[in-house]
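Q: Spelled out from the first residue to the last, the chains are:
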Amino acid sequence: MTRRGFVAGAGAAATSGQGHAAEHKHDHEHQAVPSDLTLRVKALESLLVEKGLVDRAALDALVDTYEHKVGPRNGARVVAKAWADPAFKQRLLTEPTAAIAELGYGGQQGEYMVVVENTPQVHNIVVCTLCSCYPWPVLGLPPVWYKSAPYRSRAVIDPRGVLREFGLELPEDVEVRVWDSTAEIRYLVLPERPAGTEKLSEDQLAALVTRDSMVGVAKVTLPAAGAKV
Amino acid sequence: MNGVHDMGGMQGMGPIQYEKNEPVFHARWEGRVLALTRAVGAWKKWNIDAGRYQIEQIPPADYLRMSYYEKWFTRLVALVIKHGLVTPAELESGKRAKASRKATPPLTAAMVAPMVSKWNSATGRNVLVAPSFRVGQRVRARNINPTGHTRLPRYARGKFGTVDRDHGVYVFPDTNAQFLGEKPQHCYSVRFTARELWGEQASPRDSVYIDLWDDYLEPA
Numbered sequence: 024m025t026r027r028g029f030v031a032g033a034g035a036a037a038t039s040g041q042g043h044a045a046e047h048k049h050d051h052e053h054q055a056v057p058s059d060l061t062l063r064v065k066a067l068e069s070l071l072v073e074k075g076l077v078d079r080a081a082l083d084a085l086v087d088t089y090e091h092k093v094g095p096r097n098g099a100r101v102v103a104k105a106w107a108d109p110a111f112k113q114r115l116l117t118e119p120t121a122a123i124a125e126l127g128y129g130g131q132q133g134e135y136m137v138v139v140e141n142t143p144q145v146h147n148i149v150v151c152t153l154c155s156c157y158p159w160p161v162l163g164l165p166p167v168w169y170k171s172a173p174y175r176s177r178a179v180i181d182p183r184g185v186l187r188e189f190g191l192e193l194p195e196d197v198e199v200r201v202w203d204s205t206a207e208i209r210y211l212v213l214p215e216r217p218a219g220t221e222k223l224s225e226d227q228l229a230a231l232v233t234r235d236s237m238v239g240v241a242k243v244t245l246p247a248a249g250a251k252v
Numbered sequence: 145m146n147g148v149h150d151m152g153g154m155q156g157m158g159p160i161q162y163e164k165n166e167p168v169f170h171a172r173w174e175g176r177v178l179a180l181t182r183a184v185g186a187w188k189k190w191n192i193d194a195g196r197y198q199i200e201q202i203p204p205a206d207y208l209r210m211s212y213y214e215k216w217f218t219r220l221v222a223l224v225i226k227h228g229l230v231t232p233a234e235l236e237s238g239k240r241a242k243a244s245r246k247a248t249p250p251l252t253a254a255m256v257a258p259m260v261s262k263w264n265s266a267t268g269r270n271v272l273v274a275p276s277f278r279v280g281q282r283v284r285a286r287n288i289n290p291t292g293h294t295r296l297p298r299y300a301r302g303k304f305g306t307v308d309r310d311h312g313v314y315v316f317p318d319t320n321a322q323f324l325g326e327k328p329q330h331c332y333s334v335r336f337t338a339r340e341l342w343g344e345q346a347s348p349r350d351s352v353y354i355d356l357w358d359d360y361l362e363p364a
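Chains as they are written, first to last, in this note's numbering: chain A, 24 to 252; chain B, 145 to 364.
Just so you know, the hints here were simulated from the structure itself, not pulled from any lab data. Remember, it's a predicted structure, so these values are computed and weren't measured experimentally. Possibly wrong hints are sitting among the right ones.
[Claimed, not checked] Here are the simulated lysine-lysine pairs, DSSO-like style, with alpha carbons at most 30 Å apart: (1) 222(A) to 92(A); (2) 188(B) to 170(A); (3) 92(A) to 112(A); (4) 92(A) to 239(B).
Just need the whole structure built from these sequences, with the hints factored in.
A: Below you can see the structure in the form of structure tokens.
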């Protein structure tokens, strides 16, 4: 493989972004890559390991961390605790990074947290128009839609239209606040606690909280009647 | 740089493609690229702003076509060459140059958990720098068009807003990305009304909050 082939090939993805339904379950065409990208990444990893620049066990640990240990369940526990404990909620809104650290979450891409609260009058939604900044310690790695051009481009100019695509129609009299993560501050939305959850435990509440609700593209809802909470 | 990465306000990018029960990585190589980027980053040859700037330099047609982790891979290849960690000959052959000495990786498996959970890439600076603006003050985002890295999005330039909060002192990306110094200064959340940014078509109630450094702002 020539270097030119190696480097240039990194950019030779032939993705198909045409004709998609707004929602799809199985096809990952937008993620489609030439099969040789697998080989190119392997080749680079082998070279970096051979040169002693990286340790393979460290790579495994990093993948394991983001695949299994860090994710939106962390954020869900933060939200549930805020709903259940008014003193914690107060700390979460005034000293967010420290309050989140009380639950053991923090670090890279969550060093400077700001928590914005949704209310019946105010709806917050988070975006990064310039790249894909996202609060990793509480939400994990961002989903593809968050990193993609349609969301990044339109969230600031047409937040209500974007929310409609997520199935959330906001009344005219609700104020929408869009947070563009252009610096190192990372934003977490504290969604509204749904009615009818007064008797639920913190664990049960956490199970209701979705990733999307903490980015601000959805509300937290109760499971359909009859479903087990 | 007025690049295609600066997407705020663009139209015609299509519907949002939502995948239910999306996996963290769609293929094994994606996770390896993320891990490689973090592990090589431990050599501290570049900083977070230089890393973003490198992605911004991907040609626009490629930038739009590539998946996220393909961009990361392209960046990693460019950075290891640029900073001399790997030679072009090594990249071509896939083998370490015979004359070179094997290095010792700075990041071991045992260090991963502390690294991920610590503030080792934090860009806040605990230094005394006077803020140029105060909370509640009317400001204008400067109309600047630097050819290098900047975190002042195009859609805000020349627009009037109000300082909503002072986040404190942070490294300035425009200089840091090109290794021209950290130039620590205050960074603020500035509130722009949707109508100031987008005109009468926007809701009179809505607003966009953008994190902006001192050097991006002027008094209104």
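Q: Next step is simple, just say for each hint if it's right about the structure.
A: Here's how the hints hold up against the structure:
1. 222(A) to 92(A): Given that 30 Å is the threshold and the Cα spacing comes to 29 Å, the pair holds.
2. 188(B) to 170(A): 25 Å, holds
3. 92(A) to 112(A): With a Cα-Cα distance of about 24 Å, the restraint between residue 92(A) and residue 112(A) holds, given a limit of 30 Å.
4. 92(A) to 239(B): 34 Å, violated
The structure does not agree with numbered hint 4 stated previously, though it agrees with all others.
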